[in-house]
Amino acid sequence: MIRDLLAISAANQQKARAVIEDCGLFPAWESVGATVNLVGSVRTGLLLHRRDIDVHIYSDPFDIAASFAAVARMAEHPRLTRATYANLLQADDTCLEWHAWFTDIQGESWQIDMIHLPPGSRYAGYFETVAERIERALTPETRLAILRLKDVIPPEAGVIGIEIYRAVIEGGVRDATDFAAWREAHPRAEIVDWMPGEPA
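When we follow the numbering used here, the leftmost residue of the sequence shown carries the number 499, and every step to the right adds one.
Keep in mind the hints are simulated off the structure, nothing from the lab.
Keep in mind that the hints are not guaranteed to be accurate.
[Said to hold, decoys possible] The calculated lysine to any residue pairs, modelled on SDA-like cross-linking and capped at a C-alpha distance of 25 Å, are: (1) 648 - 537; (2) 648 - 607; (3) 513 - 651; (4) 513 - 524; (5) 513 - 633; (6) 513 - 630; (7) 648 - 506; (8) 648 - 536; (9) 513 - 582; (10) 648 - 695; (11) 648 - 602; (12) 648 - 680; (13) 513 - 547; (14) 648 - 635; (15) 513 - 549; (16) 648 - 672; (17) 513 - 637; (18) 648 - 510; (19) 513 - 607; (20) 648 - 674; (21) 513 - 581; (22) 648 - 627; (23) 648 - 658; (24) 513 - 605; (25) 648 - 630; (26) 513 - 543; (27) 648 - 604; (28) 513 - 535; (29) 513 - 603; (30) 648 - 676; (31) 648 - 678; (32) 648 - 606; (33) 513 - 536; (34) 648 - 509; (35) 513 - 642; (36) 648 - 679; (37) 513 - 657; (38) 513 - 652; (39) 648 - 543.
With the hints as constraints, model all of the structure from the sequences given.
Here it is in structure tokens:
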């Protein structure tokens, strides 16, 4: 089981990188002067079954039309089958939120979440720091514990990755039973902004 989960994760990481290359994600945004940073489970190497790619995007000057132009360039690919958009510039998120669905060469659908942030956004650089801290905090044992939990927790449970990461790294959780008890004691509102502390 240990070898299987690590192998599945590594294989899906490789597939995610191939999707990023194939769909033209970075060139599309760079063509409008933006910078793209990987965040989330692809960045931390904790991707398992969920085919989801997260990026944060920055441009200065910030231009809504340029945001549309970048996604339009991606949409020229015949296997980018759908995209959605939300203007959250007046919300706490302070961003443009894009979601696109891309079919890889094996016929599997990947969701690409693209958050376009203006200069001065409260989340500018934040999730990059979260990913860096998680990467530094991981050990072979905690990486495997996270993958095991991702493997056994069903999608319908509505668990987000940061819950698992905090439970394992900070809470010492190692199995689904302990995770359920830990989650009961830690409402999501308390942890969505969590990141590991700086190493001593």
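Taking the hints in turn, this is what the structure says about them:
For the hint linking residue 648 to residue 537, the alpha-carbon distance of about 18 Å falls within 25 Å, and the restraint holds. For the proposed pair residue 648 and residue 607, the alpha carbon gap of about 19 Å is at most 25 Å, so the pair holds. A threshold of 25 Å between alpha carbons decides the hint, and for residue 513 with residue 651 the separation of about 22 Å falls inside it, so the pair holds. Using a Cα cut-off of 25 Å, the hinted pair residue 513 and residue 524 holds, with the two alpha carbons roughly 16 Å apart.
With a C-alpha separation of about 20 Å, the suggested pairing of residue 513 with residue 633 holds against the 25 Å cut-off. Under the criterion of a C-alpha separation no larger than 25 Å, the hint pairing residue 513 with residue 630 is consistent with the structure, at around 22 Å. A hinted pair counts as satisfied when its Cα atoms are at most 25 Å apart, and residue 648 with residue 506 qualifies at roughly 12 Å. With a C-alpha separation of about 20 Å, the suggested pairing of residue 648 with residue 536 holds against the 25 Å cut-off.
With a CA separation close to 23 Å, the supplied pair residue 513 and residue 582 stays within the 25 Å bound. Our distance criterion of 25 Å between C-alpha atoms is met by residue 648 and residue 695, whose separation comes to about 23 Å. For the given pair, residue 648 sits about 22 Å from residue 602 by alpha-carbon distance, which is consistent with the 25 Å threshold. The hinted pair formed by residue 648 and residue 680 meets the criterion: a straight-line CA distance of about 15 Å does not exceed 25 Å.
Simply put, residue 513 and residue 547 have alpha-carbon atoms about 11 Å apart, close enough for the 25 Å limit, and the pair holds. Taking the CA atoms of residue 648 and residue 635, the gap is near 18 Å; set against the 25 Å cutoff, the hint holds. Annotation: proposed proximity of residue 513 to residue 549 holds, straight-line Cα distance about 9 Å (limit 25 Å). Of the pairs offered as hints, the one joining residue 648 and residue 672 holds, with about 11 Å between alpha carbons and a cut-off of 25 Å not exceeded.
Taken as a hint, the residue 513 and residue 637 pair is honoured in the structure, with Cα atoms around 23 Å apart against an allowance of 25 Å. Simply put, residue 648 and residue 510 have alpha-carbon atoms about 14 Å apart, close enough for the 25 Å limit, and the pair holds. Between residue 513 and residue 607, the direct Cα distance comes to roughly 11 Å. Compliance with the 25 Å bound is thereby established for this hinted pair. Using a Cα cut-off of 25 Å, the hinted pair residue 648 and residue 674 holds, with the two alpha carbons roughly 9 Å apart.
At most 25 Å may separate the alpha-carbon atoms for a hinted pair to count; residue 513 and residue 581 meet this at roughly 20 Å. For the suggested pair residue 648 and residue 627, the alpha carbons sit about 22 Å apart, so the restraint of at most 25 Å is met. At most 25 Å may separate the alpha-carbon atoms for a hinted pair to count; residue 648 and residue 658 meet this at roughly 10 Å. Taking the CA atoms of residue 513 and residue 605, the gap is about 12 Å. The hint holds against a cut of 25 Å.
Distance check on the hinted pair: residue 648 and residue 630 sit about 20 Å apart at the alpha-carbon level, within 25 Å; holds. Simply put, residue 513 and residue 543 have alpha-carbon atoms about 12 Å apart, close enough for the 25 Å limit, and the pair holds. At roughly 23 Å between alpha-carbon atoms, residue 648 and residue 604 fall within 25 Å of each other, so this suggested pair holds. For the hint pairing residue 513 with residue 535, the CA-to-CA distance comes to about 18 Å; that is within 25 Å, so the pair holds.
Between the alpha carbons of residue 513 and residue 603 the distance comes to roughly 10 Å, so the proposed pair stays at or under 25 Å and holds. The suggested pairing of residue 648 with residue 676 holds, with an alpha-carbon distance near 14 Å, which does not exceed 25 Å. Only pairs whose Cα atoms come within 25 Å are accepted, and residue 648 paired with residue 678 is accepted, the gap being roughly 13 Å. A threshold of 25 Å between alpha carbons decides the hint, and for residue 648 with residue 606 the separation of about 19 Å falls inside it, so the pair holds.
Taken as a hint, the residue 513 and residue 536 pair is honoured in the structure, with Cα atoms around 15 Å apart against an allowance of 25 Å. Between residue 648 and residue 509, the direct Cα distance comes to roughly 16 Å. Compliance with the 25 Å bound is thereby established for this hinted pair. Of the supplied pair hints, the one linking residue 513 and residue 642 holds, its CA atoms being roughly 20 Å apart against a limit of 25 Å. In summary, the hint linking residue 648 to residue 679 is supported, as the alpha carbons are separated by about 16 Å, within the 25 Å threshold.
The hinted pair formed by residue 513 and residue 657 meets the criterion: a straight-line CA distance of about 23 Å does not exceed 25 Å. Among the hinted pairs, residue 513 with residue 652 is consistent with the structure: their alpha-carbon atoms are about 22 Å apart, no more than 25 Å. Distance hint between residue 648 and residue 543 is fulfilled; the C-alpha atoms sit about 13 Å from each other, no more than 25 Å.
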